[in-house]
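Protein sequence lines, in the order shown, are assigned to chains A and B. Heads up, the first sequence is in this note's numbering, so the first residue is -17 and it goes up one at a time. Heads up, the second sequence is in this note's numbering, so the first residue is -16 and it goes up one at a time.
Rather than coming from a laboratory, the hints here were simulated on the basis of the structure. Glycine is no exception: its CB is placed at the ideal position from the N, C-alpha and C atoms. Hints are supplied without guarantee of correctness; some may be wrong.
Within a straight-line C-alpha distance of at most 27 angstroms, the following computed DSS-like cross-link-like pairs (lysine-lysine) qualify [what the hints assert, rightly or not]:
| # | chain 1 | residue 1 | chain 2 | residue 2 |
| --- | --- | --- | --- | --- |
| 1 | B | 20 | A | -9 |
| 2 | B | 54 | B | 20 |
| 3 | B | 41 | B | 54 |
| 4 | B | 25 | B | 40 |
| 5 | A | -9 | B | 25 |
| 6 | B | 25 | A | -4 |
| 7 | B | 51 | B | 25 |
| 8 | B | 25 | B | 5 |
| 9 | B | 40 | B | 5 |
Stretch by stretch, here's where chain B covers chain A in the computed footprint (C-beta under 8 angstroms, at least three residues) [said to hold, decoys possible]:
| # | segment |
| --- | --- |
| 10 | 69 to 79 |
| 11 | 82 to 90 |
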Amino acid sequence: NAGVTQTPKFQVLKTGQSMTLQCAQDMNHEYMSWYRQDPGMGLRLIHYSVGAGITDQGEVPNGYNVSRSTTEDFPLRLLSAAPSQTSVYFCASRSGNTIYFGEGSWLTVV
Amino acid sequence: GENVEQHPSTLSVQEGDSAVIKCTYSDSASNYFPWYKQELGKRPQLIIDIRSNVGEKKDQRIAVTLNKTAKHFSLHITETQPEDSAVYFCAASNPLAGGTSYGKLTFGQGTILTVHP
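Chain B with its partners taken away, still in its complex shape (with noise of 0.2 angstroms):
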């Protein structure tokens, strides 16, 4: 089955400084990849998304980049502020795995961003 690893585990930049998180995949068949932003005590929430047909897609100050051949993907966040700090999860579909027309979702085991100001 499919097998996300996420890393840095816990990264710590100062403000106006550049994160980047990146997670790799096993399942050359995932062809959807979301990233999820969860706030301290809340729940998690799509930031952004990227399809196994585009290698990059940006929104304001957060960017995925996806490598199909090397099997990874990554978060840049530009010009970090302290509100972006977060628990940061990345995923992988599989539209073909999990036996349902839903295919199966495998979450990495997310990174803890701190900014500090």
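This is chain A alone, in the form it adopts within the complex (with noise of 0.2 angstroms):
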């Protein structure tokens, strides 16, 4: 298995720019769920989903849209990006407790 897998590893935005981070599982997880890593403030959620076609907000979802079309893909999209959202983005899956990350996608907007 490869487990959650996330591209792209790193990006560079123009401000109002928009762009999509990809992430994907192959371990049939139906939680998905995408976090926002800031100095100083932990993993925030952003997004999750508890199966194809259901998404909700989590603790900061302004700026940010996904859509779970199917178990495997959850992408989530910036619509207009921001200076704020320079941040490193963790795509998650979950079974029970048990949280799997995928490796990070480094984004800077300028």
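Combine both chains into one complex, guided by the hints.
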């Protein structure tokens, strides 16, 4: 199993640009989520999904969209990038209480 | 909602010393408390966890203690080694929150542990 894979690993965006962070898992987990990690803030939940066709907002959803058309994929879209969205993004899937993180995506918005 | 406070934010120790990181949580319904280790540039990985029906759990050099009454739990690392240097996150899981059967997992702010050789 590859686990949770996310792309790209690094990205630089200009303010106002849009982009999609891709995430896929091959463990057949129903629950998937996106976190952002900022210094001193821990891991904050952006959006999550408990199954195909079901998504919901987490703690910091503004400026982000998600969709879940299949069990495997959970892309995160930045609609109009802002410098405040400069962060490290982690996709994760979950089985029970166990979270499996992707390798992270380092995003810089200039 | 749940609030998890983690202290200290940075911790520097000499190799061989012990390190202790403490977390407090606010929601008494939380019943699962994992700890994650994140090495520089890597993903967080689960290193140990404890459930609310247990007061202490050990795994080699690491241990976690839980005080349900006081709503705090701690990570203890003994005989620290340079490879223990990382960011450590605590978390608390409330099975009754979040509106789904998965409950809600809330992370602490993280502790940067540096072990000096």
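Among the hints numbered above, which are violated by the structure, and what are their numbers in rising order?
7
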